[in-house]
Every structure is written in structure tokens, then in C-alpha cells.
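Q: Listed here are the chains, written in short residue letters.
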Amino acid sequence: MIERRQDLFRVLAIVQGLGGNVLPDWDRVSDRGVTYNARGEPLDDRDLESLVQSDHLERIFMDRISRCPWCRSHALNMREVCVSCKSPRIVAVQLLHHFRCGYVAPEYEFTAESDGRRCPKCHGMLRDRGTDHDAPGPHFTCQSCDSSFQVPEIGAVCLGCGRQTHSDDLQRIIYEDVYGYKLSPLGAAALRAGSLQPKQTEQLTEFDLPLLRRSVFMAFLDDERKRRRRFHSTFNVLLVTTEPPVIDGAAPDERALIETIAEFLTETDKLGRLDECQYLVLLPSVDSKTASALARKLSSDPSSILREWKLQAQVVVGLLDGAPTPEGIAASLRAVLADG
Amino acid sequence: MVDFLHVLGSPLSPLVSVGALQHWQALLVSSNVLVWMFIVSVLRFDVPAFTMWIVSLIDSRVLRPPGRGDTYWPSVSVIVAGRNPGAAIRRTISSVLDSGYPRVEVLYADDQSTDDSVRHARSFERSRSVRVFASAQHSGKPTNLNLAILMARGELAFVLDADAEIEVGTIHRLVAYFRDPRVGAVSANIFVRNASCNLVTRLQEIEYALNGSIGRLWHARLGMLPILPGVASIFRTSALRELGGYDTGLGDDTDMTIRMRKRGWRLEFALEARIWTDEPETMGRLMRQRIRWARNMVKVRIRKHADFINPRYGWDNTALALDNLVFRVTLPLCVLFAITWGLAVHGGDKPVLFTSLYFFTTVLVFCKVLIANDLARTPPLFDLALVPLYPPYRLLVRLVEALAILRELLRIGLYHPYVPRRIWSEIPHW
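Chains A and B, in that order, are what the protein sequence lines are. If you use the working numbering, the first sequence corresponds to residues 1 to 340, in order. If you use the working numbering, the second sequence corresponds to residues 1001 to 1430, in order.
Please keep in mind that the hints were generated in silico from the structure rather than gathered at the bench. Virtual Cβ for every residue (Gly too), placed ideally from N, Cα, C. Take the hints with a grain of salt, since some may be wrong.
[Stated by the list, open to error] Label pairs and their in silico Cβ distance ranges:
(1) A1136/B / E41/A: 36 to 42 Å
(2) P1066/B / C71/A: 52 to 58 Å
(3) D177/A / G1100/B: 38 to 44 Å
From just these sequences and the hints, can you work out the full model?
A: So, in C-alpha cells, the structure goes:
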């Protein structure tokens, strides 16, 4: 187990060495169709995912790979096919609509003549588009079965096993998201500490600080939201932003800051991390008035540590209502901070 | 009772008095135009309905298609063209998909709706039996029907209005007629979905039962079905394609009916294939609808297909053309003339005549409602209470139609927004 943790820490260090990000390389000969490389050395995506699970890395969505439902190959050739016979032998054709008689047919059915096209139904002439005829819209014709349709279906043929997957079975195609990875605040803290989060605390808090890990905090927040929906209970959330003081060019220690903030909270309140220098405080069963009072108290507290970090707190519970998931909450709060 | 009416001086008294027979003898020999028109109308509109009922009592097979209960299931493309049907398109498509017919697809051709109709229709596309064609330009219903006909994969094309609903089993009952290779199209039986809305829709329910259900039934069994309603009719797709689809312009369903008949196709009516649709709920909307229908009838039947009377299309079609000319054009105009003339010449001095005609008409309608209820299960017997209001309602409709026919014959106010302006200028105006 120790070896495994050391391996993961080594991967974390490699990611840091790559500038805090590792991005996928497309590789059609590999099983997955994608690999992760650090200056020529391959990284195992299972290690990267393991570090995501422990909050040391964060995912960045890059793309989605389709896999054959029969052999799981990523060499899946997706193409438009006929809605009737599923043949890919379809062509886009231009439809014409003759105003005079209402006839609608592919352009080639209207015989080309020197001064226009002749309608096969009424034998009238089509001279000026928009005046005596128009084109109703995009259209496809199947050269195998002669069907006509506006929206072709999607079909897939696996270049690995050769089996076809038609529209009825498209939901069986295996879709796999491809991610890049970036170092999380917890990962950066682990690198500074020289080891991954200690095992006995890694489930809940960051190291031995009274600071819940973001995933844990978001789970608590989600619970409160569910409780409010079901029991109409009240809760509030404070967003605490800080600016780290620069002390002789060295990175400041946030331990004192977090411990100071925690002193303002009751035993039922929860402090968690949103991002670097950004924290969230969950206040169960606390109304807006009390939450605002606490925010003011934190923002204007005369203690030196909070002043040094230029701490600002605001009530943000209203911003969370529209977000469906914890990830959505984090994204919307970040968007507020970016705007603000 | 007789004494009581006499005391009141009621105009009904001659109908029930001892001298009634002499009174009616006098009316008949008096050559009163209204009386003779009434007698001709009874022969044309009522006698066939009573005959149909008697025939059905003798042999009920006349009400149903041949080969009932078998497993003849040709593929059917349900074609819906619409502009701004909104969420109603969901009910229409759902009713088709839930109709129980095994080989069916729905093609919705949207005529550049400005609402969320396309979104509603596309929500069914995943079912694979539904395809949506969203037109880039507003081109009118016939063009969009033609687009859908082009895309249809079924052997049969079922043209359905965007606000109509079909019952479970309706398509089964319609397709059964196509076992006969001479049948080119079948009309469904149209019911008023919003009948309970108000008096106007109730009266239309009676009208649809008498003229639609019973009228079309006997016409079809005589091989003289005059209309394949645009609300719901099913065609052989090959027949539609041979004809080049619908012609642009007004009265597309009437036009298609005549073109099918000219090609020699037999047209049928499926009494048990029920379609539910909303009808106008106000008198103003109803009259506008009937004015449009009357004008289209003159445009299409009298002008565009004037040659339909030619016996080279078959004597049944000649009879149909004559019937149309006499009873759909001439009769309403005669009614208009006779009433105007009668009121001008006689004023209020013929109460017995007018009251007698009203009385007999009401009795006939009463009997026809019972027949319709027996044969077609419509209208509900509750509507019998409204029968006394039906003759004045029909008279009003006839008068409005007569004025519309007159305007159309004089070519007054030809344009109708049913056809977009850019297309209107290109089409021949019959």
C-alpha cells in the first residue's frame, strides 16, 4: 500500500513537472485510442483517475470516444445512412417546388432547357428561383432503395470487427469521455507537504486542518439542499475570498487563516474549500439575517490575520438554487467570482 | 289539442286538423316553388339515407369493408402538414403511434411554423417511426403534403390534419378496403372532438353525422363519393405520385378527389374509422369556413374541372357532376332567391307554408338523427333535443353559402391567405 501511495505521489510530482497539467495524446494503435505521456514516459490513466478520486487532481473534459458495442474497439466509422435500408450510399439532392402546380421533386426530375427547367407535372417552365419556384430545404435520396428523407440516420461500422450498428442500436455504442488532468489545491498542498493526504484524514479534511475537502463539502451542501426541498428547512452558505499576503517572497501558510475562520463557526457549521484562497462556509438551520451578520463579522474583524489576508465574506445561498449538481454549484460560484 | 291550437291561432293547426290533407293538396297543386324545392330536397337528401338504413337492416355488410378481421396490413405513411399546430401535433402523432397498427410511420411536414411545433414533432423522432421535414419557407398545405408524399415509404399514404386524432383500430379499418385493387382512396369518418363546447359545435356534430357520416356512406356505396376530406383520407401512395401530388391552390382535397375519380380510381368511405377533430367554436369562424368551402367548390368543381361532366370519365362521374351542379350550386342559389322573393311578394301572409316546411324538416331531421345514431353511433341521442334548432341553422349556412357562391361566380374577393402571396401570383385562378 505504501508503495502504491509513493507511486501515486510520484505521478503527482510528474504532473507538477509538466506545469500542473497533463493532456491526452491521440493514439490510434493503443487500446483506448488515447495515451498520457510525460516527456516520453507513459502515464497510466488508472493512476491519474486514482488521484482524481482522492481530490489531488481535477479532470478537464477534452473529448468523447465512441467504442464498438461488440468488440469495444475505438475504430468506429460513424456515417450517415438511409432511413429505410441503412445503406450509406445516400446523396444530398436539391429539391425544387414549382409554384404553379405545387409539384415537389429532386432537381434532376425537372428537365434542363435553354431558358430554364421544365416541370414534369404541368410542363410549365421554371425560370427564376423565388419567382416561379423555390427550394424547400435540404434533402437526401438513397441510391440503393430510392427513399427520400430530410434527416439521414446515423450508422456505425466497426473497422475492428466489421459489425454494423444501426440507429436502433446506437444507444449500445459505448461512449467514453476523455479528460486532461490538472493539479488541484489539495494536490499542490500534498506536494508542499511531501506526501499524499494522510490516510486517516483523507476521507474528510485536508490534512489536519478543520477544512473539509471540496468533494466532501459539496456532498454536505447537496444534503442540505435535499433537506430543504423535502422538509423546507433553512440553511445558508458564505463564500469567503482572500488574497494571500506576500511575505518575503515566500508562500504564506494558510493554516492560521483557516483556524481563525473556524473559531467564528459553531460545531454544526462546516468550512470547505472552493478553490485556492476561496472557501465556503455551510450554515445549517441559519437564516439569511444571521448569515449576513456572520459575513459582516468576518469581513470586518480587526484581528491581524484576517486583515492580512484581506478576507471578504458574502452570502451566496441564492446563487446555488439553479445549479443541479455540486459540480454545477462550484462552476456557478466560480463564474460569479470571475465576473465580480 | 286541436281546439287548443285553433284557439291560439297557431299556424301548426292545419297540420293536425281534419282539413290538413286538403290544405296540403292545395299547396302541391299551387306550384309554390318552395314546396317543390322541399320535395326535391327530400328526394335527394333524405330518401337515400332512409334507404341506406333499410338496406343495412337487411344486410349489415354494407356498413363494413370486405375481409374484416383478416391480417392484411400494408405499410402506411401518415402524412401531416401543419403550420403552427403547437402542442396539438403531439396528440396527433401520439394517437397514430398508439393506434395499434403495426406498420406505420408518421411524416410531419412543417410549413415554417413560428411557434414550437417542430420541437414538439422532433421529440418523437427518436421513436424511428416519425420523421419531420421543416420547410425553410411558408408554401401552403398542398406543397408540404407533396414534400411528405415524396418522402413516404408506405404503400398507403394517410393524409391527416395536424389537429386531428385517430382512434385505436382506425388504420386497420381504413386499409381493409385496399384489398380491392380498384380502390384508390378511402375517406375516414370525422367526428367533432369539441362538440360539448357550445351550441355551435353541437349543431356541427349533428351536421357531420347527417352529411358526413350518413351522406358519405350512401354516396360511397353508390360509387359516388364526392369528397375525400383533407382532415383524414388514405390513398395509394403510387396513385398520389402518378398524379404528381396535390395541386397548389384552394380546395386541394376536392381537387384531389376529382383527379382520382378522373383516373378511374374507386373511392370508399370507412364508417367505422373514426377521426376526431376540433371544429369552429364561434358562428363567425364557422361562417368563414363555410364561405371558403363554398367558394372552393365553385373554383374546383365548376371551373377547374368543368369537363368532369363529360361521360368519358364514366356515367357515375357525370351523375356526380350534375348532382353537384344542381344541389350544391343551383339549389342554394334558388333557396336564396325563393326566400327573398317569397318574403318580398308574400311578406308575412304565408305563415302556414313556412311553419309546415319547418315542421316536416324537423321531423325528417329527427328521424335521420336516429338513423345516424344507429348506423354510425353519432350524434349522441342527447342531441335530439337540439333538432328543432337544426333547420334554421342549416338554412343560415345555406344562405351564407349561396352568397359566397354568388361572389365566387362574380369573382369578387378571390384571394385567400391559405395560399402565400408569392405563390398566389403564379397559380392559375380558376
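Q: Compare the structure with each hint and give your call.
A: Hint check:
1. A1136/B / E41/A: 36 to 42 Å: Since the Cβ atoms of A1136/B and E41/A sit about 55 Å apart, the hinted range of 36 to 42 Å is violated.
2. P1066/B / C71/A: 52 to 58 Å: With a Cβ separation near 53 Å, P1066/B and C71/A satisfy 52 to 58 Å, so the hint holds.
3. D177/A / G1100/B: 38 to 44 Å: holds (41 Å)
In terms of the numbered hints stated before, the structure departs from hint 1 and from no other.
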